[in-house]
Amino acid sequence: AQRVTQPEKLLSVFKGAPVELKCNYSYSGSPELFWYVQYSRQRLQLLLRHISRESIKGFTADLNKGETSFHLKKPFAQEEDSAMYYCALSPRGGYNKLIFGAGTRLAVHP
Amino acid sequence: KAGVTQTPRYLIKTRGQQVTLSCSPISGHRSVSWYQQTPGQGLQFLFEYFSETQRNKGNFPGRFSGRQFSNSRSEMNVSTLELGDSALYLCASDSGGSGEQYFGPGTRLTVT
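Protein sequence lines, in the order shown, are assigned to chains A and B. Take 16 as the starting number for the first sequence in the working numbering and just add one per residue. Take 16 as the starting number for the second sequence in the working numbering and just add one per residue.
These are computed hints drawn from the structure, not numbers from a lab. Glycine included, C-beta positions come from ideal geometry on N, C-alpha and C. It is possible that part of the hints are untrue.
What the hints assert, rightly or not - With a cut-off of at most 30 Å between alpha-carbon atoms, the simulated DSS-like pairs for lysine-lysine come out as follows:
(1) K24(A) / K37(A)
(2) K24(A) / K88(A)
(3) K16(B) / K37(A)
(4) K80(A) / K24(A)
(5) K72(A) / K37(A)
(6) K80(A) / K72(B)
(7) K24(A) / K72(B)
(8) K72(A) / K16(B)
What the hints assert, rightly or not - Label-pair distances were calculated between CB atoms; the ranges are:
(9) T75(A) / T95(B): 40 to 48 Å
(10) T35(B) / A32(A): 23 to 31 Å
(11) P54(B) / G31(A): 31 to 39 Å
(12) F91(A) / Q32(B): 50 to 58 Å
(13) T125(B) / E35(A): 34 to 42 Å
With these hints in hand, go ahead and build the complete structure from the sequences.
Below you can see the structure in the form of structure tokens.
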């Protein structure tokens, strides 16, 4: 079965603290993995994808095929990082089908 | 470039009715995907169209259907509405397989 699990509904941290948003996936093969973010009153938008290996807004995510994980990390959280974060999987050959996790709300407190 | 637009933004319908939602992708994008978002089930893939052809379909009943026009605009239709169809319906466009989808603001459908 193709599934994405985000075990935390809410992650609450203080400004300057490290952040790790967890994502585990279930897929028999090599999927493409993404992190999407939705800021308050804004649209869902792509944050980063594993094949680009970029760091966006200080966030990074490493694909661990052994643990089937794609955790999102940032060393020092900022208040503007407060948002809803969704991990998503696209099956190989699945074109633009995205399987989303339930999402984690990140709250960064001053 | 203008972003993905969806109309209408809000809709209230009665059980048993049908509804049509519209999505205009970013200019030049040929792929349009549709998602349903509910508090209980989260974001679920409905279907994807590319160059007027349905390329992929999620696990939804046949009451949910869609189409895409030659200008890449897409519509989705839900027939015989049920209370459980109340949701935010999102569409997203992509240039054609990059995997980076651009989402619209959604249409909030309430079925009473």
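Tested hints:
With a C-alpha separation of about 10 Å, the suggested pairing of K24(A) with K37(A) holds against the 30 Å cut-off. A distance of roughly 16 Å separates the Cα atoms of K24(A) and K88(A); the hinted pair therefore holds under the 30 Å criterion. Distance restraint check for K16(B) and K37(A): the Cα-Cα separation of roughly 34 Å exceeds the 30 Å cut-off, and the hinted pair is therefore not satisfied. For the given pair, K80(A) sits about 23 Å from K24(A) by alpha-carbon distance, which is consistent with the 30 Å threshold.
For the given pair, K72(A) sits about 18 Å from K37(A) by alpha-carbon distance, which is consistent with the 30 Å threshold. Note on K80(A) and K72(B): the hinted pairing holds, with a Cα-Cα distance of about 27 Å set against a maximum of 30 Å. Under the criterion of a C-alpha separation no larger than 30 Å, the hint pairing K24(A) with K72(B) is consistent with the structure, at around 28 Å. A hinted pair counts as satisfied when its Cα atoms are at most 30 Å apart, and K72(A) with K16(B) qualifies at roughly 23 Å.
Between T75(A) and T95(B) the Cβ separation comes to about 46 Å, which falls inside the hinted range of 40 to 48 Å. Distance hint check: the CB atoms of T35(B) and A32(A) are about 47 Å apart, inconsistent with the given range 23 to 31 Å. Between P54(B) and G31(A) the beta carbon distance is about 32 Å. The supplied range of 31 to 39 Å therefore holds. F91(A) and Q32(B) have their C-beta atoms about 51 Å apart, which keeps the hinted 50 to 58 Å range intact.
Roughly 37 Å separates the CB atoms of T125(B) and E35(A), a value that falls within the hinted 34 to 42 Å.
Violation of the numbered hints given earlier is confined to hints 3 and 10; the remaining hints are satisfied by the structure.
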